[in-house]
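Could you put together the complete structure from these sequences and hints?
The listed protein sequences correspond, in order, to chains A and B. For the first sequence, the working numbering begins at 7 and goes up steadily by one. For the second sequence, the working numbering begins at 7 and goes up steadily by one.
Mixed in with the good hints, there may be bad ones.
Copies of one chain are not kept apart here, so a pair can be met inside one copy or by any two copies together.
With a straight-line cut-off of 20 Å between C-alpha atoms, the simulated EDC-like cross-links for lysine to aspartate or glutamate are [as the list claims (entries may be wrong)]:
| no. | residue 1 | residue 2 |
| --- | --- | --- |
| 1 | K391 | E46 |
| 2 | K93 | D53 |
| 3 | K382 | E149 |
None of these hints come from the bench; they were simulated from the model.
Given next are the chains, with one letter for each unit.
There are 2 protein chains.
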Amino acid sequence: MKDFFTVTPLHAVFEKIGGFPVVGGETVPLWEANNRILAEDIVSDMDIPGFARSTVDGYAVCASSTFGASETNPAYLTLKGAVAMGKTPDFSVFAGEAGRISTGGMLPPGSDSVVMLEHANEIDDATLEVYKSVPPMGNVIAEAEDIPKNQTVLFAGTRIRPQEVGLLAALGKERVPVFKKPVIGLISTGDEIVDIQSRPGPGQIRDINTYTLYSQIQNAGAIPKIFGRAADDREPLLEKCKTALSASDMVIVSGGSSVGTRDLTLEVIAALPNSEILIHGISISPGKPTILARADSKPFWGLPGHVASAMVVFDRVVRPFIAHAAGMDPSRNPRRPRISARLSRNLASAQGRTDFVRVKLEETEEGLLARPALGKSGLIHTMLKADGLIEIDANTEGLEKDAPVSVIPFQGI
Amino acid sequence: MKDFFTVTPLHAVFEKIGGFPVVGGETVPLWEANNRILAEDIVSDMDIPGFARSTVDGYAVCASSTFGASETNPAYLTLKGAVAMGKTPDFSVFAGEAGRISTGGMLPPGSDSVVMLEHANEIDDATLEVYKSVPPMGNVIAEAEDIPKNQTVLFAGTRIRPQEVGLLAALGKERVPVFKKPVIGLISTGDEIVDIQSRPGPGQIRDINTYTLYSQIQNAGAIPKIFGRAADDREPLLEKCKTALSASDMVIVSGGSSVGTRDLTLEVIAALPNSEILIHGISISPGKPTILARADSKPFWGLPGHVASAMVVFDRVVRPFIAHAAGMDPSRNPRRPRISARLSRNLASAQGRTDFVRVKLEETEEGLLARPALGKSGLIHTMLKADGLIEIDANTEGLEKDAPVSVIPFQGI
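So this is what it looks like as structure tokens:
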């Protein structure tokens with residue numbers, strides 16, 4: 007009749023995030039900046055573009071020279087020359103004049119707009135017929151229109167996407183200040199667990215959690231580091247935990263799921279220097295027996311052994327702690343999108359507990375249907391079938407068939 | 007008055023995908039299989055689990071011994087021993103008997119269910135009081151319940167997520183057959199483009215597209231390979247294209263956006279051995295001047311030079327070709343989720359053309375709002391502001407404020 011612990015509500019677990027440190031910074035070549043977290047604000051040191059550019063192929067003109075022009079009443083302009091790409095034009099364009107220009111070309115002095123190729127016709131080498139008027143700045147990107155000089159264009163804590171890489175390229179940033187990727191130490195325990203190289207004997211199963219967590223850590227933008235498997239013995243497990251702790255920014259112990267393994271994990275955490283158990287049990291399902299400690303100021307997790315539980319707890323609980331350690335600023339990044347769907351069946355849920363239900367998404371004529379992939383949390387096939395999770399909060403007793411739900415898709419490319 | 011080309015509707019572009027080859031296979035260690043594409047079907051060579059396991063900490067029993075048990079009328083069972091984790095139990099449990107068992111433990115012969123710890127009490131070393139009945143197979147994962155032997159559990163063409171890695175671990179697959187990552191050659195052109203190391207002079211801009219495309223190719227699960235910048239000259243560009251083609255599975259020429267660059271690209275493609283222009287212009291916005299050719303049986307792209315155009319065309323047009331080359335089977339993978347939102351304003355769109363509008367998502371009390379990040383497609387800041395795209399199909403003339411829209415989120419972690 008032991009195993010009574012005080013479970014913590016999910017929101018209270020997240021309140022612990024701020025108590026943990028953020029990793030340091032480093033600089034990386036721009037080629038490697040994609041998907042990293044920016045560690046410093048970026049201020050533009052130049053106007054982009056540095057000159058007025060044409061957005062079309064056509065003729066640079068003074069807009070006023072084209073006012074009133076039409077098919078029946080064209081404007082006639084004098085052709086002054088052609089703008090060479092990448093060069094300052096060697097001629098100017100004033101009222102009644104025009105110059106050939108390509109997309110991206112620099113507007114000649116005097117001109118303020120570009121007539122599109124298809125709205126004009128060269129009737130001889132020196133004369134252009136224009137059939138349509140163009141407003142001032144028409145078909146032009148003004149100097150500094152994209153990014154003005156001395157503007158904070160990116161903020162620390164932003165995850166760098168391809169477009170942020172593009173902006174950094176535009177500013178000539180060959181090296182980018184980013185946060186280091188947190189190193190997450192992985193230890194597996196449990197006397198019933200064998201390496202995947204072995205054929206499991208009676209009562210044994212292969213070490214699945216190390217592999218699923220390794221992959222989830224990669225997807226979370228961190229570096230997984232394997233410290234191997236420990237039998238359920240205090241001394242070897244304690245040694246492994248100490249080694250992992252000194253070489254990682256966070257440690258996850260996982261694998262065994264018995265109360266014996268859990269008690270041992272708690273005992274080992276207590277024996278670590280500067281350690282404190284913060285959470286012992288979370289009011290979520292699956293994943294209730296999750297442990298969070300602080301050891302040497304780092305987060306130290308004991309994850310449930312059931313494979314689906316460990317995956318769900320990683321995604322819904324551990325990942326935000328990794329994002330924090332990695333320097334990610336939630337206000338600077340869009341949250342993972344939710345997908346609206348309808349529930350395929352009634353779903354019971356206990357009040358006072360946050361439930362995460364694995365669902366498969368199905369496209370139907372009435373829209374997306376979320377079909378619960380029900381099954382024990384020790385089964386991996388429920389995770390294989392599922393496209394994501396729905397969250398049933400602690401104040402909801404259950405959901406009815408056809409209820410609108412928000413599906414949290416599993417991470418991916 | 008040249009530059010009149012016959013634009014191809016978007017759906018007709020995708021019909022070309024099947025005409026291109028898929029890369030070959032390789033095997034990788036399971037550690038590196040996450041996010042790769044499986045190249046062969048996987049058949050289970052064993053039952054998982056290989057034995058009936060307990061899903062809770064408690065007592066293995068014959069369910070019938072507990073029928074009718076309650077707080078006021080407990081069942082009394084004889085304790086036979088404790089199941090050691092990872093071992094075959096050295097005792098059996100028949101009617102009227104019980105054995106201590108931990109989560110993940112192997113059920114002793116004779117037992118068919120497990121009473122949870124909190125529903126029982128050991129009144130002495132040999133006697134267990136049970137307060138609640140358990141049904142047959144209650145709190146048990148049956149032998150082979152997760153994955154039965156000789157079942158095709160994963161199919162070629164599936165992108166491997168953490169849960170697929172877990173399944174492969176459960177089956178002991180130390181090495182996994184996957185498709186190679188396609189190598190995508192990148193060439194940039196345009197006389198106005200300078201390397202990012204240079205400070206652009208008048209009329210010049212830095213080479214942004216190489217960097218945005220490099221990052222987008224990474225996110226698409228392929229390997230970007232840079233072949234550098236070529237001025238708008240036939241011979242050096244042709245040489246670069248030949249080199250890129252021989253060393254890549256697909257080539258993208260990008261950078262310059264003028265009609266001159268485009269004409270040159272077409273001329274160079276025509277000069278490549280075994281080449282054929284398949285598409286010259288797509289009825290999409292942005293991105294109309296996109297070129298697709300087949301050269302040496304590989305896809306060869308000319309992307310528009312405007313940075314936002316190139317990014318949108320990559321995401322909406324090129325990426326499905328990369329997924330095909332990479333061996334991805336669309337029927338085996340969930341498509342990228344769409345996010346339901348309401349449009350913040352009226353939006354015009356030309357009929358006969360598919361429009362991709364960059365939008366920022368805003369959470370409001372009435373739900374998600376999609377706010378168009380309007381601006382010229384030569385501006386990168388419209389991409390920086392945006393969280394995704396909405397697609398307005400060729401048969402729609404425009405959308406009204408508050409219309410429900412599906413937002414295609416930009417890819418990410």
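Hints, verified against the model:
1. Taking CA atoms no more than 20 Å apart as the test, K391 paired with E46 passes between copies only; the shortest distance there is 19 Å, against 41 Å inside one copy.
2. Taking CA atoms no more than 20 Å apart as the test, K93 paired with D53 passes inside one copy only; the shortest distance there is 17 Å, against 71 Å between copies.
3. In this assembly of identical chains, K382 and E149 lie within 20 Å of each other by CA distance solely across copies; the values are 13 Å between and 62 Å within a copy.
Taken one by one, the earlier hints all hold for this structure without exception.
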